[in-house]
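A.B. asks: Please construct the entire structure, taking both the sequences and the accompanying hints into account.
There are 2 protein chains.
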Amino acid sequence: MQIIDGKAIAATIKKEIAQQVDEIMAKGGKRPHLAAILVGHDGGSETYVANKVKACEECGFTSTLIRYEDDVTEEQLLAKVQELNNDPDVDGFIVQLPLPRHIDEQKVTEAIDYRKDVDGFHPVNVGRLSIGLPCFLSATPNGIMELLRRYNIDTKGKKCVVLGRSNIVGKPMANLMMQKGTPGDATVTVCHSRTLNIVEECQAADIIIAALGQPHFVKAEMVKEGAVIIDVGTTRVPDSTRKSGFRLCGDVDYENVAPKCSYITPVPGGVGPMTIVSLMKNTLLAATHEIY
Amino acid sequence: MQIIDGKAIAATIKKEIAQQVDEIMAKGGKRPHLAAILVGHDGGSETYVANKVKACEECGFTSTLIRYEDDVTEEQLLAKVQELNNDPDVDGFIVQLPLPRHIDEQKVTEAIDYRKDVDGFHPVNVGRLSIGLPCFLSATPNGIMELLRRYNIDTKGKKCVVLGRSNIVGKPMANLMMQKGTPGDATVTVCHSRTLNIVEECQAADIIIAALGQPHFVKAEMVKEGAVIIDVGTTRVPDSTRKSGFRLCGDVDYENVAPKCSYITPVPGGVGPMTIVSLMKNTLLAATHEIY
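Note that the protein sequences, when read in sequence, are chains U and W.
So for the first sequence, numbering that gives the first Met the number 0 puts the first residue at 0; every next one is plus one.
So for the second sequence, numbering that gives the first Met the number 0 puts the first residue at 0; every next one is plus one.
Be a bit skeptical, because a hint or two may be false.
Which copy? The list can't say, so a pair holds if one copy fits it or any two copies do.
[Stated by the list, open to error] List of simulated lysine-lysine pairs, BS3-like, C-alpha gap at most 27 Å:
1. Lys106 with Lys179
2. Lys218 with Lys6
3. Lys155 with Lys218
4. Lys106 with Lys26
Think of the hints as simulated: they come from the structure by calculation, not from any bench.
C.D. replies: Written out as structure tokens, the structure reads:
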């Protein structure tokens with residue numbers, strides 16, 4: 000059993016990106032610039048955005064954090080999106096989700112110029128991912144593809160079960176895994192809350208990608224000997240022994256599942272760091288105009 | 000075993016559409032207008048386009064057929080696409096595929112205004128389908144969803160195996176079947192040329208949607224008793240007993256598979272007529288601006 004060290008791979012990729020930025024600067028180019036809009040003070044969102052700002056520093060990017068209180072209007076937010084769309088210094092930007100209930104998340108997402116949509120949530124990028132065209136790939140699925148690539152994990156013809164059908168993980172993950180290529184060419188099954196035979200599907204899987212957001216959903220008896228397990232779950236579970244008062248809990252019962260696997264990602268330190276690195280890669284691609 | 004009569008359902012829907020057009024006209028509205036660009040003289044394409052023009056007549060639409068010889072340049076074709084994009088009388092249009100090799104099909108597809116892209120091939124429509132937003136749905140998958148709906152076939156929690164991962168059938172079909180809704184909420188597996196255990200996947204399926212383009216690929220021994228079989232295949236097989244010199248052959252060994260099924264679509268007369276009807280529905284939606 001090998002633990003997939005997302006933290007180490009992410010550190011390596013950030014160094015690779017920083018080197019590319021150095022080369023751009025040496026040629027007199029512009030420093031890549033990622034902007035982030037954060038509304039309110041949700042604990043998870045604060046952490047994610049802080050980690051993104053830190054990753055920008057490590058990669059040599061300029062970063063701008065734009066904060067609003069919870070009472071920001073949709074109109075104000077859309078005006079800021081337009082401003083960033085038109086700002087030639089900003090290569091890419093994100094609006095940290097979730098947004099307060101009075102704001103239409105889909106409307107805000109679609110207002111972002113797809114050529115600056117480094118989260119890959121705009122319909123143009125979602126559609127191009129599905130078709131197999133160059134685009135800003137959704138960060139978490141792309142991070143997982145990168146882990147499979149760097150660990151030379153064979154996916155061709157393998158049975159891959161994706162748990163969860165969300166727009167930002169499950170669906171794009173399924174699309175990427177079924178496409179021609181390496182990694183890719185897998186036989187993909189998407190299971191979700193309505194699936195009746197989820198245990199049998201998992202038991203037959205060579206690769207399980209768990210993105211349900213249900214702590215310890217995947218038990219040892221659901222996993223085939225030698226399977227590859229990718230755990231996308233990051234549920235905050237109360238833990239009085241931690242300074243923060245919580246710990247992150249994956250969708251996989253790691254302790255009991257790990258001994259049966261060929262490869263497994265831990266939580267934290269598996270998929271999470273790769274998600275942020277994918278965002279950095281998209282920002283670099285936006286700055287160098289390699290896609291659009 | 001019940002045969003799913005796509006031809007009859009398609010006729011019913013065309014009548015429903017014609018009635019809606021009558022209502023639009025009675026209110027002094029504009030007659031829906033579909034334009035089609037046909038390049039060259041490919042036998043299949045000629046037939047498809049002729050059927051589309053005929054369906055427009057049945058629905059009370061205006062149709063325009065624009066023909067080019069095989070030597071049309073990409074530039075000429077793109078200029079015509081722009082003209083149709085800007086023509087306020089044309090509600091929707093299609094460019095019949097395949098195009099000659101010297102023309103970039105993807106470039107032409109992306110040049111079409113997504114608000115007139117009634118084939119649903121533009122990345123914006125593909126992306127919105129994946130996300131679950133209103134859009135012009137890809138015609139064949141949408142036709143299949145309509146058949147499942149009109150026959151009240153239960154898909155929730157069912158294991159649905161999609162054979163084929165094409166951009167115009169397999170991938171959008173998988174996306175629609177896994178989404179929340181009725182039909183939908185299925186556990187979806189996509190199999191393709193690289194799949195190793197295709198027989199086992201089919202044997203476990205409650206619903207098989209075959210879109211490989213391989214005549215009689217699905218044999219009786221691959222099908223579970225009581226399964227629902229949707230056959231998208233329409234391969235032309237030489238047949239000297241026919242005036243045309245060929246017959247259409249599905250992906251399913253109908254004669255031997257049908258007795259085991261609860262529902263099955265024949266070829267021809269199953270999915271084919273529904274594909275054209277989906278195009279008509281998209282054209283009506285374009286004319287009434289219900290989506291964009």
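A.B. asks: So, for every hint listed, does it hold in this structure?
C.D. replies: Comparing the hints with the structure gives:
In this homomeric assembly, Lys106 and Lys179 come within 27 Å of each other (Cα to Cα) only across copies, at 21 Å, whereas the closest approach inside a single copy is 32 Å. In this assembly of identical chains, Lys218 and Lys6 lie within 27 Å of each other by CA distance solely inside one copy; the values are 24 Å within and 48 Å between copies. Within a single copy, Lys155 and Lys218 get their C-alpha atoms as close as 25 Å, and across copies as close as 25 Å, so both meet the 27 Å cut-off. Taking the closest pair of Cα atoms, Lys106 and Lys26 never come within 27 Å of each other, the shortest separation being 39 Å inside a single copy and 33 Å across copies.
The earlier numbered hint that this structure contradicts is number 4, and it is the only one.
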